[in-house]
Amino acid sequence: MNGYVFDIRHFSVHDGPGIRTAVFLKGCSLRCRWCHNPESHDMLPHETIVEKRVGDKLIMMPEITGKSVTPAEVLDEVLKSRVFFEESGGGATFTGGEPLMQPSFVLECIRLMKGNNIHTAIDTSGFAGSEDFASVVKETDMILFDLKHTDADLHQEFTGGPLEPILRNLRSEVMSDKPVIIRIPLVPGFNMAVKVYAKMAEIISGLNNLIRIDLLPYHHYAAHKYTRLGIEFKMEGVREPDSREVSTAADFFRNKGFELSIGG
Amino acid sequence: MNKRIEKLREDSLKAINRISPERADLITRFYREPETAGFPVPVQRGMALLHLLQNKKLYIGKNELILGERGPAPKEVPTYPEVCVHSLKDLEILDTRPKVSYKVDQETYRIYQDEIIPFWSGRSIRDRMFRILPDEWKKAYSAGVFTEFMEQRAPGHTVAGEGLFTKGMNDLIREIDEAIARIDFLNDGKALSRSEELTGMRYACEALIVFAERYAKALKELLAEEENRDRQNDLLDMISVCRKVPAQAPETFHEALQHYWFIHVGVITELNPWDSFNPGRLDQHLLPFYEKGLADGSLTTERAKELLQAFWIKFNNHPAPPKVGVTAQESNTYTDFCLINVGGLKSDGTDATNELSFLILDVIEEMRLLQPGSMVQLSQKNPDRLIHRAARIIKTGFGQPSVFNTDAIVKELMRQGKTAEDARRGGASGCVEAGAFGTEAYILTGYFNMPKILELTLNNGVDPLTGIQLGPATGDPGDFRNIESLISAYRVMLQHFINIKISGSNLIEQIWAGQMPAPFLSAITEDCIVNGTDYNAGGARYNTSYIQGVGLGTMTDCFASIRVNVFETKRFSMEKLLAMMKEDFSGFDRELAQLIYKTPKYGNDDEAADRHVNDVFESFFDAVDGRRSPRGATYRVEMLPTTCHVYFGSKVNALPDGRRAGKPLSEGISPVQGADRKGPTAVIKSASRFDQIRTGGTLLNQKFSPAFFKDDEAIRKIGHLVRAYFRLDGHHIQFNVINASTLREAQANPEKFSNLIVRVAGYSDYFNDLTPELQEEIICRTEHENE
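Protein chains in written order, with numbering that gives the first Met the number 0: chain A, 0 to 263; chain B, 0 to 786.
Okay, chain B solo, but in the shape it has when bound (with noise of 0.2 Å):
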């Protein structure tokens, strides 16, 4: 990278994640005008974001090419008090803790406590939820059942399409003109609504377009001082870039980063959507701007480098919104999990990749940014290169880019009715989320612990934890003759709490379509404009709400446990079993070993355990899958985690398959922590029992030593399981290349590691097998292996 990137850089990883009261304070003054309350809800909407563009501070940083901040300045982050208000504990958590704080100035304190805690307690979405929830909805919230994503932040997990690459806000504008047009008041039920919701979004593209404005202003602004020969230039080009876009549809490189940066800060200026927002197929977005540059001699490969790394340091200028309450507490990411794509097919179905992709792919290895995250996407019809050109950067071990598959996405997509194209046109984001791009509302709606239905059903429905009668009597434990019966009943359980926790989300969602529109993430997701309804609402082509299952290593071998230790050798009875969980093992440590160590497991491509995999995803896809939203949406299905695993497990006393109380579930589809024994092929066979096609995404994790990795043959080799593992519909898989501190950790936890596969000599084994003196000769190694 050059001089001014790696400037840029550095003070980027220096910036101090500080909580600007900027947006809190705009917004307040916004609401508190007596004629704002005058306009319907979805005018005030886009008028409240034109109010904050026309008003926020500008930032400019020295030697910048891409501009726009959410807040005042790199990782000052706003807040949004009309969707969940801070308390001044929580500022005070937030300020104080030892990781991942946002620090607090009194000023915001103050403003806090004179203007936005007075004017939004009791109004914001949070608060009215909670007054509507019903208390069993609340019970099992609190008893750590499912959590609800759409409390502290707004529906999100939407990414670009095209189209936004190839029209300007005056073309969306224009678009939204003749939607107003073509309202049909005298036959159609719900045309003022229509009427009300284009007109928000009309307010919502102006707004951006006075923000890029005012920017073309300050820059000229600039110029004047401006002695050095080269900012001049810089300043004369990123002026005639502002006068351009988003106006217009960008033209050049430059314009079409700064078209899409200008877009995204719009996106998570109007609200705090999940996963912020994505630019997608980055790869396919830019090529014809790249291609087009090239030939025209304005643009050279360096100078489209230098622009993508600038704008790779807009993101991580972009921590996550801070949350509040527990959820604060427990949080403890800057990830706002944007994630790039690479790779995969066009729409017609042919090989995506291209030159840029690889160009993409060194700007990754080279920022090494936390923000964005990066994936390929690879289909059978992509080069190898690809993945090798992506193993050799996972091996330098930040855990990115992830992998995903190609076809498994659009298989998923399509049999969720989307069209082939639409499908090709998508990919993943967040975590592993698959969506349509561009045509998509894909909104998570919480993740859901298994193993509490699990523990809820050997206690016939009363939590162990509380005493109290949680869930439905589903028969005493010891009644159960075979596993199908307990199966049966964990069935019966799981509806139950799969339709509390469906009633809360269709009422949740009514509240963000009725009170909380997003008029600008409308305009820019297809078919709002042409339905006149808010991406809230159902605007968009495809909607999706998903619910995410965690916990399926766990279950899986919790039902192997009791079928194979209660019903088949009859080792234990079900109430011994129950009996030792009660004591949460304690005094049993012979048959704790007996239930860790010689009892089937996920994970070791073992019949006696993976049979059971199938119970744990069918069970939880027949309860959730297919069930209709008042937007319009179908649920579906997703197996991940993100750190859900650990805040679910803390909620779960011990289990039957040895874990004890409070200890963290199964991640993703993960086998147990230390319950795979037998290498990533068992993994990958195991993990590929369940028909991942089905779900709208699933996450695999495996860890190497980065020795493994030691020469192309090794890079080839990690190739042949990535497409082993998607030729089985695999989902997506990451690989966790581990330095010598995690290292360090294993050998003082080796049963959390038992998994952890180290190139040796000639050989690989598991780190666990190796002497206390090979495993700290490794760990040498392996520091001099990073330098």
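Chain A with its partners taken away, still in its complex shape (with noise of 0.2 Å):
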């Protein structure tokens, strides 16, 4: 069984607890504006032009963005960082894209995983089947789960998905008692206002094992990936939001009792 990677980065420090490994699946079916990682988005391997610099000359190299590897080699690379995991409590993080565009090959990651005592983590937007999403999230140790809006039409036209299933998978049976942090972006124009984040709280209440929030604001750092794929950026133009807004945000969910991070 293989799966498309598009790449494992050690030493991430924002992705659960602890020293992490990052595992970066190809592959989403959302398209959130703001994403920063337009080059997960189509699951195949592609080939990208990348300049290096070579003296004062800047060489054309062709790099191919994305590979078909097996679990047993993703272990091999998670399993470099052990020593790290074990001073740190920390372990490898499913990320991308989305894992769960590739659930069967996540979970024999997960389960290879576990077989060598590493904590394991995904990091979803919650865009899945219910069979797939309770298959993988029962092997998983912890789980950083998004929630972007609870308004579906907004939803919809700004992450190009249904708000639904990702709301049923948040309240599945499966997620009851599993260590969750919600990840919150912050969008302007999107979802900064109060009136949505009462919805968020009401929902995220209902988690039994809530680590914490971490609120996400956005940042347009990603825009020269999109013109570098010629993609186009519809972000074009949103400010960043400020900081008296993501305090808004943070006093609001503390006020509710949250745990919460900024940045993750």
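Please note that a few of the clues may not be correct.
Below, computed lysine to any residue pairings styled on SDA-like, alpha-carbon distance capped at 20 Å [claimed, not checked]:
(1) A:51 <-> B:752
(2) B:597 <-> A:44
(3) A:56 <-> B:583
No lab work stands behind these hints, which were simulated from the structure alone.
Grab the two chains, each in its own frame, and use the hints to assemble them into the complex.
Structure follows, in structure tokens:
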């Protein structure tokens, strides 16, 4: 069994507890306008031309984004950081892209990790079939779950996908005791309103084992990636939230009694 | 810090570095006396120190609490013409160069011209050395194959042990007299030299007592004129301290610091030993005095801190002695590499961390001085609080403290034959050098340019920079059929030049032992008195000579590149690769990009490159480790460069890894600049691929942005990173927390900073991967954070 991965990064320190290795899976069926990793959208590997500096010259070199790998190969790479996991209580985080686009591959990876005493987390949009979702979540030690909006129409418009299956997964039986971090992107003109926060808080209150909420203020760092990939960047002209706006959101959730971190 | 310390610190920072002719003048007068020549050399040296300390100007700064300067005033640096004589040209270079200058006044030029140069030319250790060193040594030295430490400075790299704080000079004199009484003139063939050496030590110990007595007298004179009540009390305190130490063992915290400092000044006035001298495990040595003072009410924490801070300033008052010749043009640091050790283990193997460890860390953070350097020894047994506290200081971005693995150091020292107790009493000094404090003379003999050896091997022994046949013909490079045959030839070349280096060091060592003993340093280094033998002649309990290998990362990448590109993928033939190197890759951009970006590199936890790190390390280790020197020392290896990777790089043309001619080599055991792209965990994994326990020290640098250290969670992660490296037997790690000006440089020269990690917002990224606008934003942010 093979899966498509576009990067494996060690010393990832913002995607779960401890020092982690992040496995970036390729492919996602949502098209969130603010997505930081547009190179992950398509599941199949593709060639990009990258500029490399040699002295004062720039040499254009082809690079393949994405690679077909086996779960055993993923394990080998992840295991390189074993000593750091053991010292820090870290582990592997499957992110992407949307890891649940490749459920059986991810599941097999997670089982291999488990067999080697490695803590696992998945970082998911929640947009997946119920059975796939349940099968992977059941085996995973921790879930990082995105909550982008509570209004179905706006969700559809800004992410290209329906809200309903996401909420269904979030509320599903398999999530009931799972340690979970809810990650909320703060995107101006989309979800930065107290009434949205209030509905989000209601949904989050239903979780039995919430570790904390991560607020992820929107940044336009990834704009150049869109240019390079020739994809339209729909966030043009959208400003980044200022610190006052971020505090408003943070205070709201804190006042509701939630643990909270800004920036993950 | 209080007002007094603030002022002293400011004065120290503002003081201008000058060359003082005082010592040169005094020592010349001493040697010019006809009767001097009548005494044996070790006695002359002891008497010379007495002459210096009897006659040198005393300095008592306004509001100072710890007394004693090597020169007539802070940052006035003496010279050591008996070791090497500065020419007028050298003085001019030092005086006028824009960076790291030492001002020279007209009187100094005059004294040098009329007195110092005429007397010492041809007589200094350096002159004697270069007269008798063989041609092959000189050729290799000029070609940049190795450097030589003992041509300008005395053997050193030695650290005070705990004995130094429990004995006074009178105790040492008693031990010396007992040793003299025990000399067996009937049976011991070395009886006379022992007697001479011990007599020299006796003079040297007396010299220290005289020096302190002179201070007590001068303080008394000041007291008579002092009107300020507070200062009167200071003076009274200091008079009583100077009447006590170093003649007798210290009993109070203040006495202990002053005792050490007198001894420090003694060591660096006697000669100019490398790394000056070092109080070593300060939190251990001072603890009894600290606890006693707090218990009997004679000391408060505030007073202890003030005294420590005053002590810190004394180190900062002492820039490194100025170098001569080419070295003077290259050397650009005032640092003299004193390294205060905090934490680690007690001699019984238990956690040594104490309240004073943390007080000293507070002092380090508050003083923020270039000197003394500081480090934290971290054992598995030390609490996380120690590394977390250190990380919070590292975060402030002045490169201190560095972090060392006590458990590795203990293993390294025990492998070399030290007892477990002596090993645990040790630590690291200088840059990263492991040593048994108080009992070991561990002498660095010089850096060794491993990539130069590869270059010679790839040119069949000819140095491409000069066309000279410098080494043996180890085979036409086109005839190598696989990487193993190349490595065999490399080993032959390496052994050839290591032998030249060691022959030279053996010879130089004997010159020092015979012509320039150090009786004072000997008296305070354990077993020299008992053995009746000088520090420079093997008198210490343990004796080690190090050769420091430079270019581990560059070498690993070169082997990997040749294996992959020439023998495996056959992308280039050996002839083509050598032809491109000869042209410094000019006109071969695409090929160069292949070498730089598509060839496995050390530092990425990639087996394809890292397997060669052991070829590099083991060949160097085999060539050096276990060889014996005339003084009875054993040669060992270290992997550290200081700044020599830059000099060595200037002596090497283009290399198979894509490094261009003249560029720096890789530094310490760090990867080639910019070759590591997978973050600090991958670097740590690569760096722990070879057996660091069989070295006497390695150096690993990591760069981080200040914003990475944003919160407690990040501090903990730094702790985890360090603990993981140490679990893999890593010796040392240092975090370079980059400020805005460095980020600017990174913006201008991205290829040099491709491993620089910055915290962006919710995530961290490579600085180079950020858009110019974002880089700009982070640079501005950093400046705010540094306010």
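Hints and how they fare:
no., hint, result
1, A:51 <-> B:752, "holds (14 Å)"
2, B:597 <-> A:44, "holds (19 Å)"
3, A:56 <-> B:583, "holds (15 Å)"
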